[in-house]
Amino acid sequence: QKEVEQDPGPLSVPEGAIVSLNCTYSNSAFQYFMWYRQYSRKGPELLMYTYSSGNKEDGRFTAQVDKSSKYISLFIRDSQPSDSATYLCAMSFDRGSTLGRLYFGRGTQLTVWP
Amino acid sequence: DGGITQSPKYLFRKEGQNVTLSCEQNLNHDAMYWYRQDPGQGLRLIYYSQIVNDFQKGDIAEGYSVSREKKESFPLTVTSAQKNPTAFYLCASSMTGGVHEQYFGPGTRLTVT
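Protein sequences, first through last, are from chains A and B.
Using my numbering, the first residue of the first sequence is number 31, and each one after it goes up by one.
Using my numbering, the first residue of the second sequence is number 598, and each one after it goes up by one.
Just so you know, not all the hints are guaranteed correct.
Where chain A lies over chain B, by a calculated footprint (3+ residues, C-beta under 8 Å) [stated by the list, open to error]:
no., segment
1, 615-626
2, 664-678
Pulled a few chain A residues facing chain B out of the computed Cβ check, cut under 8 Å [said to hold, decoys possible]:
no., residue
3, 38
4, 40
5, 46
6, 48
7, 69
8, 76
9, 77
10, 86
11, 89
12, 97
13, 100
14, 101
15, 132
16, 137
Below, a list of computed lysine to any residue pairs in the SDA-like style, where the Cα atoms sit at most 25 Å apart [said to hold, decoys possible]:
no., chain 1, residue 1, chain 2, residue 2
17, B, 680, A, 79
18, A, 72, B, 650
19, B, 654, A, 35
20, A, 86, B, 654
21, A, 86, B, 604
These are calculated hints, taken from the structure and not from any lab test.
Because the structure is a prediction, the values reported are computed rather than measured.
No residue lacks a Cβ here, since even glycine has one placed at the ideal position from N, Cα and C.
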């Protein structure tokens, strides 16, 4: 079993829809959770970064972490065609351990059509 | 402008040749990483380095080598021993000391025929 599971999609939604992207993980020691957005043939860019459980909002994006269920989500409100990209979740252990190494999901390919 | 540069964007090589991918950062980050990405797959860690003159193998280090002689630079050599070298290669960097966000370069697409 991979440490981080993410449905690769593809996911296709109309403009204006609310998008929900999810990852599950197996290791309860993960403490830091990130979402990256990757446009085709580009490097990933950091979108959201959260520590432990709870919600974090940034504009149209909300990151949610439920450590009891080992489940993280990214919600995109009022989705736009420019949101079309692959979204990768990533996580790491407590800062005292292996040096900031990240564990990535496979990525979910999202298309928002006008 | 601070950032990570990777060159070239596209690279073509014949089978049996070694090739070196460049990665430079001016973010003053201590840690640097190399990942490989194949279609429909996530990022797989090849090598990482926390400080100059030190680096560790990641999950798929076989057939690859790195050096870290300068803080700003972390070149990756894909050797002829790598069985399936065609892939998208991404370099990243981060600060150490508990900050875990990694920042990525634009990537190099390597095609070996």
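Cross-check of the supplied hints:
| no. | hint | result |
| --- | --- | --- |
| 1 | 615-626 | violated (count 0) |
| 2 | 664-678 | violated (count 0) |
| 3 | 38 | 6 Å, holds |
| 4 | 40 | 10 Å, violated |
| 5 | 46 | 28 Å, violated |
| 6 | 48 | 25 Å, violated |
| 7 | 69 | 10 Å, violated |
| 8 | 76 | 5 Å, holds |
| 9 | 77 | 11 Å, violated |
| 10 | 86 | 13 Å, violated |
| 11 | 89 | 18 Å, violated |
| 12 | 97 | 16 Å, violated |
| 13 | 100 | 17 Å, violated |
| 14 | 101 | 18 Å, violated |
| 15 | 132 | 6 Å, holds |
| 16 | 137 | 6 Å, holds |
| 17 | B:680 - A:79 | 35 Å, violated |
| 18 | A:72 - B:650 | 29 Å, violated |
| 19 | B:654 - A:35 | 23 Å, holds |
| 20 | A:86 - B:654 | 34 Å, violated |
| 21 | A:86 - B:604 | 35 Å, violated |
Going down the numbered hints, you'll see the structure goes against 1, 2, 4, 5, 6, 7, 9, 10, 11, 12, 13, 14, 17, 18, 20, 21, while the others check out.
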